[in-house]
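Engineer: Here's the letter readout for the chains.
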Amino acid sequence: MKEDVSIIKVEKLVKRFGDFNAVDGISFDVKHGQLFAFLGPNGAGKTTTIKMLTTLLEQTSGKIIINGSDPQANKDKVRESFGIVFQDPSLDDDLTAFENLEFHGVLYGVEKKVLYKRIESLLKLVDLWQRKDDFVKTFSGGMKRRLEIARGLIHHPKILFLDEPTLGLDPQTRNHLWNYVKALNKKEGMTVFFTTHYMEEAARMADNIAIIDHGKIITQGTASEITKKSRTKTLEEAFLKLTGHALRDESASAADAFRTHARAWGRR
Amino acid sequence: MGAIYVMWLRQIKKYWRSKPRMIGSLGQPILFLVALGFGLGPIFQKAGGGNYIDFLAPGIIAMSILFSAMFNGIEIIWDRQFGFLKETLVAPVQRWKIMFGRTLGGSTVSFMQGIIVFLITLAIGFRPKSAESVILAFIFMFLIALLFTALGTAIASRLTDMQAFPLIINFLIMPIFFLSGALFPLNGVPTAVKIIALVNPLSYGVDGIRAALSGMGQFSFAIDFGIMAAVTAIVLFIGTWMFSKIQL
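Sequences listed follow chains U and S, in order. According to this note's numbering, the first sequence is numbered sequentially starting from 1. According to this note's numbering, the second sequence is numbered sequentially starting from 269.
Worth flagging that the hints you see were computed from the coordinates, not collected in a lab. It is possible that part of the hints are untrue.
Okay, derived cross-link-like pairs now, DSBU-like style, lysine-lysine, Cα gap no bigger than 35 Å in a straight line [said to hold, decoys possible]: (1) Lys112(U) - Lys281(S); (2) Lys462(S) - Lys77(U); (3) Lys287(S) - Lys365(S); (4) Lys9(U) - Lys365(S); (5) Lys137(U) - Lys282(S); (6) Lys397(S) - Lys513(S); (7) Lys77(U) - Lys112(U); (8) Lys281(S) - Lys31(U); (9) Lys75(U) - Lys365(S); (10) Lys282(S) - Lys158(U); (11) Lys229(U) - Lys63(U); (12) Lys216(U) - Lys513(S); (13) Lys137(U) - Lys513(S); (14) Lys287(S) - Lys158(U); (15) Lys117(U) - Lys462(S); (16) Lys281(S) - Lys132(U); (17) Lys117(U) - Lys9(U); (18) Lys354(S) - Lys144(U); (19) Lys124(U) - Lys314(S); (20) Lys354(S) - Lys112(U); (21) Lys186(U) - Lys9(U); (22) Lys63(U) - Lys513(S); (23) Lys314(S) - Lys132(U); (24) Lys216(U) - Lys158(U); (25) Lys187(U) - Lys63(U); (26) Lys187(U) - Lys287(S); (27) Lys112(U) - Lys12(U).
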């Protein structure tokens, strides 16, 4: 594996909404075949960054290179190279599990013969093969998540984006999923870029971690480097120390007060 | 090609599986046919207009297609709300293909709806001129479906508000329908109304169907077809452009 080659390269990336900088000049590198964790509190800019990396949102300024191409200039090339599991569900509830995967395969131009084999093996893997002809609307949250992950892998992407893939899943399912992702990462050299709120997950899985808050990257490195730098025992402690309440309240107090006021007096 | 096909197929499957939708959308055309057809029919005949059902049936077929087609746009809003839109937007497929497949699927559904209404008009006594005329009418029916699905989809790709969509569509649909000559002939109306009817593309669609099925056309087929095709092409182009600009 070409361990030292960057597959995702981000330089001074900025996304501005009005006069609010959702992403404020971040730079990072993800090497080929790495498991990269992108951590941060809610509203830190994680999902906005993922949207820019996956061609869904145009950046205000800065540079992105995904698998050798610019996501805005060369959208289709970039889109072919990744699979994504969004934070919110994005399945079609009125289609069956099988149809959702089939649909995805055709959109990504996977050859029919290969496609049906892959659908079968992926559905078996996420334990949904028995339910393949059931409508997705009859599935539980965990089953939908598993199906989405299977879908993200149908076209054998070079990069897999996982935006809080394990949110709301029980420990068994989480464990199962990570084992699978790890295995694919090993076997196929698939790069994985993920966000999560479970720090122990990040510490256990990721080769490299970046922590973002208020649109800026505050630290990067392996889990042990980060805990060493912040002189804490666990990644969770480091995370809290780096993004803790004091920091947040200072810069957001006026807006927060306004929001509380609006909530108390607003019609909702 | 694959992408357009699956986007089309998805609409068809969803329509086929939703029987309430199929049946529910027939209520209004049947009501109009029965109430207006039997209610105003004698007056129309007395005034020398001929058989009102022959005049009305093409208008009601066009109406059912118009309503169903414009509301096809709501699927984009649903897909945006429930996340599926993202799945299609990150796929390595040009956006125009996604949009075109969707529009084609929606138009097919609305066209089928129109055929069902056509069959109902046959049941209540409407008799088309000939078998060939039915094929000609089907061409106009499909053009109406395509035009208004594209329009509804274009509007929906700019809206993020689920509640606003039906309001805006109703606001547009009513004048398009009432001022299209679907219910009454346009030759006796005041000039102002006539001008509005003449810039309304549905007038030409209705006229095309009516000329084919009942032989009661006002314009020539060439004008009906030419204007419908041109407006459809323009709206499709605008809709595709608007869809390709969607950011999430």
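Engineer: None of the hints should be skipped; say for each whether it holds.
Structural biologist: Do the hints match the structure? See the list:
Between Lys112(U) and Lys281(S), the direct Cα distance comes to roughly 20 Å. Compliance with the 35 Å bound is thereby established for this hinted pair. Distance restraint check for Lys462(S) and Lys77(U): the Cα-Cα separation of roughly 52 Å exceeds the 35 Å cut-off, and the hinted pair is therefore not satisfied. Between the alpha carbons of Lys287(S) and Lys365(S) the distance comes to roughly 28 Å, so the proposed pair stays at or under 35 Å and holds. Between the alpha carbons of Lys9(U) and Lys365(S) the distance comes to roughly 30 Å, so the proposed pair stays at or under 35 Å and holds.
Proposed proximity of Lys137(U) and Lys282(S) is supported: the alpha carbons are some 13 Å apart, at most 35 Å. With a C-alpha separation of about 46 Å, the suggested pairing of Lys397(S) with Lys513(S) is violated against the 35 Å cut-off. Using a Cα cut-off of 35 Å, the hinted pair Lys77(U) and Lys112(U) holds, with the two alpha carbons roughly 21 Å apart. Between Lys281(S) and Lys31(U) the alpha-carbon distance is near 42 Å, which puts this suggested pair outside the 35 Å criterion.
Taking the CA atoms of Lys75(U) and Lys365(S), the gap is about 14 Å. The hint holds against a cut of 35 Å. With a C-alpha separation of about 32 Å, the suggested pair Lys282(S) and Lys158(U) falls inside the 35 Å cut-off, and the hint holds. The straight-line distance between the Cα atoms of Lys229(U) and Lys63(U) is roughly 28 Å, inside the 35 Å bound, and the hint therefore holds. Simply put, Lys216(U) and Lys513(S) have alpha-carbon atoms about 28 Å apart, close enough for the 35 Å limit, and the pair holds.
At most 35 Å may separate the alpha-carbon atoms for a hinted pair to count; Lys137(U) and Lys513(S) meet this at roughly 30 Å. Restraint check: the Cα-Cα separation between Lys287(S) and Lys158(U) comes to about 42 Å, which exceeds 35 Å; the hinted pair is violated. Using a Cα cut-off of 35 Å, the hinted pair Lys117(U) and Lys462(S) is violated, with the two alpha carbons roughly 61 Å apart. Pair hint Lys281(S) plus Lys132(U) holds up; C-alpha atoms about 16 Å apart against a cutoff of 35 Å.
Annotation: proposed proximity of Lys117(U) to Lys9(U) holds, straight-line Cα distance about 34 Å (limit 35 Å). Annotation: proposed proximity of Lys354(S) to Lys144(U) holds, straight-line Cα distance about 16 Å (limit 35 Å). Distance restraint check for Lys124(U) and Lys314(S): the Cα-Cα separation of roughly 71 Å exceeds the 35 Å cut-off, and the hinted pair is therefore not satisfied. Distance check on the hinted pair: Lys354(S) and Lys112(U) sit about 23 Å apart at the alpha-carbon level, within 35 Å; holds.
Restraint check for Lys186(U) and Lys9(U): satisfied, since their Cα atoms lie roughly 21 Å apart, inside the 35 Å limit. Using a Cα cut-off of 35 Å, the hinted pair Lys63(U) and Lys513(S) holds, with the two alpha carbons roughly 21 Å apart. For the hint linking Lys314(S) to Lys132(U), the alpha-carbon distance of about 62 Å lies beyond 35 Å, and the restraint is violated. For the hint linking Lys216(U) to Lys158(U), the alpha-carbon distance of about 27 Å falls within 35 Å, and the restraint holds.
Simply put, Lys187(U) and Lys63(U) have alpha-carbon atoms about 30 Å apart, close enough for the 35 Å limit, and the pair holds. With a C-alpha separation of about 46 Å, the suggested pairing of Lys187(U) with Lys287(S) is violated against the 35 Å cut-off. With a C-alpha separation of about 41 Å, the suggested pair Lys112(U) and Lys12(U) falls outside the 35 Å cut-off, and the hint is violated.
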